[in-house]
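*Asks:* Take a look at the letters that make up each chain.
There are 2 protein chains.
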Amino acid sequence: MIEILPEEIDRQMDWISSISDKEGKGTTRLLYSESWVKAQNSLKELFEKDGMKVEFDEVGNMFATIEGSESPETIIASGSHVDTVVDGGRLDGQLGIMAAYMAMKALVDEYGQPKKSLRIVSMAEEEGSRFPYAFWGSKNIFGIAKKEDVENISDNKEVPFETAMTEAGFGYLTGAPRFNNFDAFIELHIEQGNFLENSGKKVGIVNAIVGQKRYTVKLNGEANHAGTTLMKYRKDVVESYARIVTEVIDKANEIGDPLVVTFGHAEVTPNVVNVVPGEIEFSIDTRHTDQKALNEFAEYIEKVIQKHADAKGIQAELNLWMDEQPVPMDQEIVSVLENVCDQNGLNYQVMHSGAGHDSQIFAPRVPTAMIFVPSIKGISHNPEEHTEAVDIVQGVQALAEALKELAY
Amino acid sequence: MIEILPEEIDRQMDWISSISDKEGKGTTRLLYSESWVKAQNSLKELFEKDGMKVEFDEVGNMFATIEGSESPETIIASGSHVDTVVDGGRLDGQLGIMAAYMAMKALVDEYGQPKKSLRIVSMAEEEGSRFPYAFWGSKNIFGIAKKEDVENISDNKEVPFETAMTEAGFGYLTGAPRFNNFDAFIELHIEQGNFLENSGKKVGIVNAIVGQKRYTVKLNGEANHAGTTLMKYRKDVVESYARIVTEVIDKANEIGDPLVVTFGHAEVTPNVVNVVPGEIEFSIDTRHTDQKALNEFAEYIEKVIQKHADAKGIQAELNLWMDEQPVPMDQEIVSVLENVCDQNGLNYQVMHSGAGHDSQIFAPRVPTAMIFVPSIKGISHNPEEHTEAVDIVQGVQALAEALKELAY
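Each protein sequence line maps, in turn, to chains S and E.
Okay, so the first sequence: first residue is 1 according to my numbering, each after it adds one.
Okay, so the second sequence: first residue is 1 according to my numbering, each after it adds one.
Identical copies go unnamed one by one, so any copy, or any two together, can satisfy a pair.
Keeping only pairs whose Cα atoms sit at most 25 Å apart, straight-line, the calculated DSS-like set for lysine-lysine is:
#, residue 1, residue 2
1, K312, K251
2, K251, K307
3, K232, K251
4, K38, K22
5, K218, K377
6, K377, K232
7, K312, K377
8, K218, K232
9, K232, K292
10, K218, K303
11, K22, K157
12, K377, K25
13, K157, K38
14, K218, K312
FYI, nobody ran anything at the bench for these hints, they're computed from the structure.
Go ahead and model the full structure; you've got the sequences and the hints to work with.
*Replies:* Next up, the structure:
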């Protein structure tokens, strides 16, 4: 089996994660920022030193290629996004780039030139953290990002998207995409959950990324004096909210994994101790790997909300503002990953991803799979995000073995 | 029956409610503000013009007395508080002062000097709206306000309580209270609820003011990624909150009137769509006219919270920061009120008060009762607070007839 040393993982991650807009633990590297430009250029230098051919597309996605000896036009790729959230960790995104680099370097060191081309992809943006737009990198690879979605948006310092982009030396995609031909793409990423940690597994082979629906719900009842309004005369929106949350979570538990539902956000009005609440706005986020199951649960949620609103003469307004389909991974690559894990005694588990990733943009277009490595306590998007290098090794080995299987 | 004209009510309320810190509808008259000083002085002038003897105590409570012919030391009083909340209405508090004036003036016009003394009480403060201290007026009448509770508090413009008080020409109570001898006190007030409006009654005879308990509850669970954390691994505080609210409100409905419970305030942390909420702080306000029933319900609430916290491994922290006892009104005065309503064909209902009033400070110390007049839609503490004068008339008549019964 390809040898990957924990010290090497730490060395690479210490180096790349230190290229940050902020000092201290973790990484802040927003799209087109100074440290973003520095990271892409530093990676270019590193990859070129190893003899790879480095190219950028118009928006700033970077591709580093080790040409194949027999079928150089066949591209076996791996990578992830180079941007982070504000006060992000040292792993989210950038680990996938460095893992691809370490795996490919180890392969070439061990086996020489591949038959098919190996390609590292360092994508411009995934997080939507600087500007209100996510997947700018992967969507541009496939030519599906729309100019009109970003031309009027700015960051929180009022810097327009276009200004940031051109100052970083990039621009809009012109003509057809040039880097959208992949015969295989494997993204390695931290799990950002606690499933692997809880189950003691070191490698997660992702077979699907969940679909998700997000709602904003407004209930309009009647604000009243908390002392002088008898219970029977109330239109208490917090009561209705509580009944909805309870009933929907009970149903989700009954249906079971992988369905999840979260009521993460709530604003009560007037939000005063001695006033019966007259208005509430709250969020619902629900996810499932199966489209039919997700649709059925969303229908159930909508019915429950209407039922409780009607029972109290409360007005309910639902806004379904996100409706992403589940994305199955390529079953052939998933099988390759299972096989190499089995053959090399790697401690793996086939699982789904509850979070979105660049791979969900790739998967409907090219054969795609993902490898998860554990996240300590599932903490992510936080400087405390961490995984011990010894718990990352098996994931990088699985990646290397799969790339070997596919490209040699 | 004593005649009270709706036009006279409107004339008096238009006049007094226009003395405000702000232009426009409603009244803003904060303790010791310019308009507060003007209101007390204008009332003094009005009452003196009618031959009453007007006195202030040290803190600014005002007492206007029509001396009795036979037993002048026996005081039959009526009144309310002269302050309002910010952007308050034209009735809350001040109607009780003007109703006392109109009733006593009508009595003297019709029947001449009373046998016992009649006294209007215009109290300095009840709302706790400028400074974080309520019942400053009534508590000083009985010498139970504590200097240490106000000497370090300021308003939201950083004006210390003491500075505001001395600039208005007042100070702390010195020596024993001088105006605490009442043989009867009747406070007329708007209901601030919709019970009278819904039942079509014009006069509420209050037999008790509810006791109330207020809690702040903090639940500490675990914030987690909304996609990657399976339902079974969650410590979702919004789920626990929803179960608590549902169960407590179900129980309150089962127990029935006059028990009320309100979850008016809630703050979720981090309050983000795609994060399982890790913390919530929420309020509980529960009220009942019976101490035992209130205590039992509070015990029930505490158990329900603990049960749901334990079920999820969530930490619950309860802070009972208000615990006011129910205050029964004087049954003799209540009977007098019932009798005069019966005799004069007034459309009344014996009821409880779900809100706190100056009368709850009086009632444990002197024979006290309250009269409610309707509030349109129960709206109060709002410039839209309103009651048509025709719907106030019967309340003022009931007050006048009861004062006649007690003082003549």
